[in-house]
Amino acid sequence: MTHLFDESVVSAVLRHMNTDHAGDNLLIVRAFGRPDAVTATMTGFDGAGGAWNVEGPDGIAAVVRVDWPTGPISERAEVRREVVALYDAACARLGVEPRPHE
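Residues 11 to 112 (our numbering) make up the sequence shown, in order.
Derived from the structure by calculation, the hints contain no laboratory data. Predicted model only: the values in this text are computed from it and were never measured. Cβ atoms here follow ideal geometry from the backbone N, Cα and C, with glycine treated the same way. Be a bit skeptical, because a hint or two may be false.
Unchecked claim - Ranges between beta-carbon positions, derived for each pair: (1) His26 x Thr80: 16 to 24 Å; (2) Leu104 x Leu14: 26 to 34 Å; (3) Glu107 x Ala87: 33 to 41 Å; (4) Pro67 x Glu88: 33 to 41 Å.
Take the sequences, apply the hints, and build the full model.
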């Protein structure tokens, strides 16, 4: 069964991703689901992967779900590791130089 994170954890991660990493969201969905996406907002995640609401240039909305690169997770600290791995993989796939991670 897929691990479900506490709602407070999900809210905190989504707030951080959508406030501080909006561009990363767009890179991830362009690399792994909607190459033509013009907007992307992370809307949720569980132990199997993350979900983003996206909009294409035609204005049509869709949901993109991307599995975590290293497989299922169950710990809060693993979420950051997996999002960073998705970002790095998206940059590699799209030919974008990734920024350093703190």
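Do the hints match the structure? See the list:
{"no.": "1", "hint": "His26 x Thr80: 16 to 24 Å", "in the structure": "holds, 20 Å"}
{"no.": "2", "hint": "Leu104 x Leu14: 26 to 34 Å", "in the structure": "holds, 31 Å"}
{"no.": "3", "hint": "Glu107 x Ala87: 33 to 41 Å", "in the structure": "violated, 26 Å"}
{"no.": "4", "hint": "Pro67 x Glu88: 33 to 41 Å", "in the structure": "holds, 34 Å"}
Hint 3 from the list above is the single one not met by this structure.
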